[in-house]
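Each protein sequence line maps, in turn, to chains A and B.
Residues in the first sequence are numbered consecutively from 0, following numbering that gives the first Met the number 0.
Residues in the second sequence are numbered consecutively from 0, following numbering that gives the first Met the number 0.
Read the hints as simulated data drawn from the structure, not as lab findings.
Since this is a predicted model, take the numbers as computed values, not measurements.
Don't take each hint at face value.
[To be verified] FRET-style restraints, in silico, Cβ to Cβ:
1. D82(A) to R65(B): 48 to 58 Å
2. L74(A) to P211(B): 20 to 30 Å
3. R171(B) to Q95(A): 32 to 42 Å
4. G51(A) to E219(B): 51 to 61 Å
5. Q174(A) to A122(B): 14 to 24 Å
6. A103(B) to Q174(A): 22 to 32 Å
7. P133(A) to T197(B): 28 to 38 Å
[Unchecked claim] Now the stretches of chain B that chain A is said to cover, found in silico as 3 or more residues with beta-carbon under 8 Å:
8. 104-117
9. 170-178
10. 245-251
For every residue, glycine included, the Cβ atom is placed at its ideal position computed from N, Cα and C.
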Amino acid sequence: MKFLPAGHNGLLVECESLAQVRQLYATLLRQRPAELIEIVPAARSLLLVGGGLDRLRRDLPDMPLQNGPEAGASLVEIPVTYDGEDLEEVADLTGQTPSDIIALHSSTEFCVAFCGFAPGFAYLSGLPESLRVPRRQTPRTRVETGSVALAGEFSGIYPRSSPGGWQIIGHTTLQVWDSTRDPPSLLVPGTRVRFNGHSS
Amino acid sequence: MISVIKAGPLTIVQDCGRPGYAHLGVPHSGAADLPALLRANRLVGNPDHAAGLEITLLGPQLRFNRDARIALTGALMPASLDGKPCPHDQALRVQSGQRLKLGAAQTGVRGYLAIAGGIDVPAVLGSRATDILSGLGPAPLRDGDHLTIGELNEADARPKPATTIDAQPKLRILPGPRTDWFVPGALDTLCRHPYTVTPASNRIGVRLGGPPLLRIVESELPSEGLVLGAIQVPSDGKPLVFLADHPTTGGYPVIAVVVPEDISKVAQARPGSQLRFVL
């Protein structure tokens with residue numbers, strides 16, 4: 000783990016792997032120092048913003064890390080129709096059939112690694128190697144709300160209509176983000192996710 | 000109740016923002032020049048977290064449908080009440096029926112209007128701030144809108160000092176987190192030359208023109224958390240300073256971070272003006 004300064008009250012903890020990020024995140028949530036305002040996990044790092052950073056920097060290397068799921072990590076089942084505009088292309092890119100893609104995606108248990116890009120946009124880790132595809136060469140100016148997509152090592156769901164470059168394999172009507180709801184996001188770091196789907 | 004006769008190009012409700020949700024991809028948001036809004040709130044006796052208006056470059060015309068106490072701070076916009084000029088940086092009494100007209104900012108970019116009682120719109124995740132990146136919060140003001148003002152809730156605090164708007168502000172920076180992604184002379188380049196604010200700037204971030212900052216590490220940076228004031232450098236080498244509506248994560252390296260005390264100066268820097276960074 001490497002510690003890098005991020006302004007007067009930020010500490011960026013660079014981690015060796017996503018697994019280490021998740022362990023660190025789970026650990027900090029359990030023993031959350033009161034002065035921390037933000038704990039922002041990402042693919043290979045955790046950003047801490049707030050007070051008490053000097054002490055954390057000193058204590059983190061030796062802190063016993065939480066293993067296993069984050070405390071209270073729930074399972075969210077996402078109903079999905081696998082009718083995505085890029086399903087055929089993903090099948091071609093990976094040398095499989097659309098049915099193979101659907102079977103593989105809907106039998107995987109994902110985990111929310113982190114959120115970013117937009118409120119409620121969760122990067123889901125656990126994607127099998129054979130489903131890993133690059134982003135689209137030309138991003139779309141508009142991706143529909145609820146689009147279920149793939150890019151690199153992650154799957155994701157667009158919480159609202161926006162531009163986007165991920166490969167769309169399906170759609171869900173489940174509202175993963177609702178700013179008036181408590182909690183606003185169904186998907187927070189640590190949440191386990193399964194897709195319950197069928198082809199159109 | 001206030002009627003919006005003319006909204007102006009970008010007049011939005013702002014307060015202290017919505018901290019604590021960055022892990023869900025929610026920007027902090029809040030007034031781009033927060034000290035200016037806080038000063039306006041204190042001048043009218045509002046608590047710090049009361050919502051006011053952030054007015055960008057050209058002001059609105061508002062009709063007050065009841066008596067009110069207001070204050071104008073931040074960028075200097077000529078202001079008049081029923082045609083009579085009114086001063087900046089002090090509490091003003093407005094009478095029911097009076098029309099407030101705000102002109103074009105003479106210096107700076109963002110003016111702030113606080114009204115005793117605060118602007119009463121529904122809060123989203125605990126804040127009334129308009130976030131132009133994520134779309135959370137109320138929509139920008141439009142002609143014909145009506146604003147509700149909250150009940151008076153007098154707070155007891157001395158006003159914060161007014162900030163002067165510098166023609167060529169100096170911005171103090173703290174190196175990191177990714178200074179080592181750049182060539183050894185990059186920080187030096189950043190601090191030796193003035194950088195120009197380009198028109199492609201807004202409350203998400205200020206894009207700068209000037210000598211490019213060259214990278215030593217060519218690989219892609221996995222997206223990582225961002226802080227307010229981060230100086231991010233995309234592939235073209237031209238720095239971008241993040242403001243209130245900055246995204247929660249970013250995939251380009253951050254060479255340094257502007258100290259919080261100098262964020263106002265970035266928020267008030269007009270396109271075409273120059274900034275100087277200082278270690």
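**Message:** A range of 20 to 30 Å was offered for this pair. Does it hold for the Cβ distance of L74(A) and P211(B)?
**Reply:** This hint is violated: roughly 48 Å between Cβ atoms.
**Request:** Could you see if the CB distance from R171(B) to Q95(A) stays within 32 to 42 Å?
**Result:** violated (55 Å)
**Asked** Quick one: are G51(A) and E219(B) within 51 to 61 Å, going by C-beta?
**Response** violated (32 Å)
**Distance restraint hint 28 to 38 Å, applied to the beta-carbon atoms of P133(A) and T197(B)** = holds (31 Å)
**Asked** Does the hinted range 48 to 58 Å hold for D82(A) and R65(B) at CB?
**Response** holds (54 Å)
**Request:** With 22 to 32 Å as the target window, see if A103(B) and Q174(A) comply at their CB atoms.
**Result:** Once the Cβ atoms are compared, 42 Å apart, the range 22 to 32 Å for Q174(A) and A103(B) is violated.
**Asked** Counting residues of the segment 104-117 of chain B that have a beta-carbon nearer than 8 Å to any beta-carbon of chain A, does the count reach 3?
**Response** Violated: only 0 residues of the segment 104-117 of chain B have a Cβ under 8 Å from chain A.
**Item:** Check of the segment 245-251 of chain B against chain A for coverage (Cβ-Cβ below 8 Å, three residues minimum)
**Value:** holds (count 3)
**Message:** If you count the residues of the segment 170-178 of chain B with a beta-carbon closer than 8 Å to a beta-carbon of chain A, do you get 3 or more?
**Reply:** The restraint on the segment 170-178 of chain B holds, since 5 of its residues have a Cβ under 8 Å from chain A and three suffice.
**Asked** For the pair Q174(A) and A122(B), does the Cβ-Cβ distance stay inside 14 to 24 Å?
**Response** 20 Å Cβ-Cβ, so the 14 to 24 Å window holds.
Figure legend: structure checked against the earlier numbered hints; hints not met, in rising order: 2, 3, 4, 6, 8.
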